[in-house]
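**Q** This is what each chain is made of:
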Amino acid sequence: MKIAIPSEDRELDSLVADTFGRADYFYVWQEETAEGSWLDNSGIAMQGGAGIKAAQLLIDAGVEVLLAPQCGENAAQVLNQAKIKLYQTQYATVEENLSAFLAGKLTMEITPHASRH
Amino acid sequence: MKIAVLSGKGGTGKTMVAVNLAAVAQEVVYLDCDVEEPNGRLFLEPEATEEQTVKVTIPQIKADLCIGCRKCVDFCRFNALALIEEKAVLFPDVCHPCGGCELLCPVGAVSQQEKIVGYVEKGIIANGKIYTGVLKLGEESGVPIIRELIAKSKQEEVKLTIIDCPPGSACVVMESIQDADYCLLVAEATTFGQHNLAMVYELSKLFGKPCGVVLNKCFTEENPSEEFCLEHNIPILERLTYDEEIGRINGKGGILAKEKAIYAQRFRQLLARIEKEVSCL
Numbered sequence: 079m080k081i082a083i084p085s086e087d088r089e090l091d092s093l094v095a096d097t098f099g100r101a102d103y104f105y106v107w108q109e110e111t112a113e114g115s116w117l118d119n120s121g122i123a124m125q126g127g128a129g130i131k132a133a134q135l136l137i138d139a140g141v142e143v144l145l146a147p148q149c150g151e152n153a154a155q156v157l158n159q160a161k162i163k164l165y166q167t168q169y170a171t172v173e174e175n176l177s178a179f180l181a182g183k184l185t186m187e188i189t190p191h192a193s194r195h
Numbered sequence: 008m009k010i011a012v013l014s015g016k017g018g019t020g021k022t023m024v025a026v027n028l029a030a031v032a033q034e035v036v037y038l039d040c041d042v043e044e045p046n047g048r049l050f051l052e053p054e055a056t057e058e059q060t061v062k063v064t065i066p067q068i069k070a071d072l073c074i075g076c077r078k079c080v081d082f083c084r085f086n087a088l089a090l091i092e093e094k095a096v097l098f099p100d101v102c103h104p105c106g107g108c109e110l111l112c113p114v115g116a117v118s119q120q121e122k123i124v125g126y127v128e129k130g131i132i133a134n135g136k137i138y139t140g141v142l143k144l145g146e147e148s149g150v151p152i153i154r155e156l157i158a159k160s161k162q163e164e165v166k167l168t169i170i171d172c173p174p175g176s177a178c179v180v181m182e183s184i185q186d187a188d189y190c191l192l193v194a195e196a197t198t199f200g201q202h203n204l205a206m207v208y209e210l211s212k213l214f215g216k217p218c219g220v221v222l223n224k225c226f227t228e229e230n231p232s233e234e235f236c237l238e239h240n241i242p243i244l245e246r247l248t249y250d251e252e253i254g255r256i257n258g259k260g261g262i263l264a265k266e267k268a269i270y271a272q273r274f275r276q277l278l279a280r281i282e283k284e285v286s287c288l
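Protein chains in written order, with our numbering: chain A, 79 to 195; chain B, 8 to 288.
Honestly, the hints are just simulated from the structure, not real lab data. Wrong hints could be hidden among the right ones.
From the structure, some residues in chain A lie toward chain B, with a derived Cβ separation under 7 Å [claimed, not checked]:
no., residue
1, 97
2, 126
3, 127
4, 130
5, 135
6, 156
7, 159
8, 160
9, 163
10, 166
The beta-carbon is built from N, C-alpha and C at its ideal position, and this holds for glycine as well.
Use the sequences and the hints to build the structure in full.
**A** In structure tokens, the structure reads:
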């Protein structure tokens, strides 16, 4: 299972990015091989539809779970249709949230917010 | 002559200035491009109004025909399309109907359907006409309605057109000022007002439009917007002092130039000054 987390920087102790669509990076953790990698979010510079673009990036990377503080309606619709599960982060850093999720401690699903522009 | 009245934020007095300029003109066409909140008509009180709906065409994707080639998804610069489980999915609210996806689709899975996004209301006022653009609640972009307003104004043979623009400096404002001969920027006397003035000034410059400023709600000696004008050599055409009476008259839908002789004179002078600025170009 691949797990993605929006991040402000390319370090495990980086802060989780506040917004999904306009996060700088995504950390993707592959559970089976215990390997992590970083994705640059090209959606960040987009005028609109950044959430949709970022969701597409995760679909293309084969992600199955997203851990994020929040997520917009459009992005959530793409992620839901692609059967990607959305859980709310509860800690500050990428690593803390990933560990918590793997320990079964992140169970709250995200309620999407209306789109911003 | 077409004068666009704009400001970097709402509530600076843009509509107040626009309706007063219209009121002192001999003959005028008033375009209300502030389609999310078109309130020029509350002051100008048009009669014999007629409505005309504004439609756009948006794509529709037939999932059974889509082969998931991704061409449309990669093409769409507004990210209105996503490829989910090998099928293209459209997000109509994000779509800026350009028709690109239909052109690119190799199997004809994209067709167009009409959608009503609002309407244009035409009305008669004492000294001319008013066209009001109204965006349907929940619609994202007023651009198609503003395009229709501009098209309507081109059919009118009148010496003066006043364009009441939406606040800010986004696409809707760019669309509204495209055809203007002059940009009249209304700014408040605060640091925030100055910041917003800088945005619309930059936009006017980008479009190569001559511009001047009305400083509104001036209440102290210190005026960051005025300093900005002096620094950038922008003509200050009028200074209106913060005055509760202006607020009261405006708040009940009154037009200052009609209720107070002094304002009739000042707005006539403002209009004359703009005419002079434009004729000197």
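**Q** Against which earlier hints does the structure fall short, listed by number upward?
**A** Hints 1, 5, 9 and 10 contradicted; others consistent.
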